[in-house]
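Each chain, letter by letter, is given below.
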Amino acid sequence: DAKTTQPPSMDCAEGRAANLPCNHSTISGNEYVYWYRQIHSQGPQYIIHGLKNNETNEMASLIITEDRKSSTLILPHATLRDTAVYYCIVSLLIQGAQKLVFGQGTRLTINP
Amino acid sequence: DGGITQSPKYLFRKEGQNVTLSCEQNLNHDAMYWYRQDPGQGLRLIYYSQIVNDFQKGDIAEGYSVSREKKESFPLTVTSAQKNPTAFYLCATSFQMNTEAFFGQGTRLTVV
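Protein chains in written order, with the working numbering: chain L, 1 to 112; chain A, 1001 to 1112.
These are computed hints drawn from the structure, not numbers from a lab.
It is possible that some hints are incorrect.
The list that follows gives simulated cross-link-like pairs (lysine to aspartate or glutamate, DMTMM-like), each with its CA atoms no further than 20 Å apart [to be verified]: (1) K69/L - E55/L; (2) K3/L - D1038/A; (3) K99/L - D1030/A; (4) K99/L - E1062/A; (5) K3/L - E31/L; (6) K69/L - E31/L.
All figures in this text were calculated on a predicted structure; none of them were measured in a lab.
Taking the hints into account, I'd like the entire structure generated from these sequences.
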């Protein structure tokens, strides 16, 4: 399974853009990059995913490098409610089911 | 979250007893998953099921059992063979290949 590497923690000022990096150098051609976040003691929340192209939705943007070995999640205007653990995951399909392999994630703290 | 119900939220059991965690969904999703999370760690896959009456072991299936008799339900039994059952258990579903997974709010199991 492709593994991901993320910094254990990051800080960002409220109102600024939060850029969370992720390395996935062993990713294969049919594996997607997913981002989830988890607020303490809750279930993870889906943020965004992509294969090759950059993606944007109402929550965030995902920038994937051309060689697909790394990506960056961008929260354009961070708020205090964005404080959470962010997981970058490479999704592997097994018999039609999606296997998400979670690492330890990045603990993002948004400071007032 | 949004159609996935895990119950109960907190569960206490004596060592040596089997316990079953409930996961019900009304999202009409085919795939369902069980994850375990230990303090400060990412999620680890226990079992997953793509369709009714079929399920597969994940990375840490030993000491656990599941059933998938109905599309809506995927109960997890933590047996007495599981050496360290105290953990946060999360159920998830996904509609089809390479779509996002939705997580329940989890059950925190404490074995004393």
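Here is what the structure says about each hint:
1. K69/L - E55/L: Holds, at roughly 16 Å.
2. K3/L - D1038/A: Holds. K3/L to D1038/A sits at ~19 Å (cutoff 20 Å).
3. K99/L - D1030/A: Within the cut-off at roughly 14 Å; holds.
4. K99/L - E1062/A: holds, 18 Å
5. K3/L - E31/L: It holds: about 11 Å lies between the C-alpha atoms, which stays within 20 Å.
6. K69/L - E31/L: Status holds; Cα separation ~11 Å.
Of the numbered hints given earlier, the model fails none.
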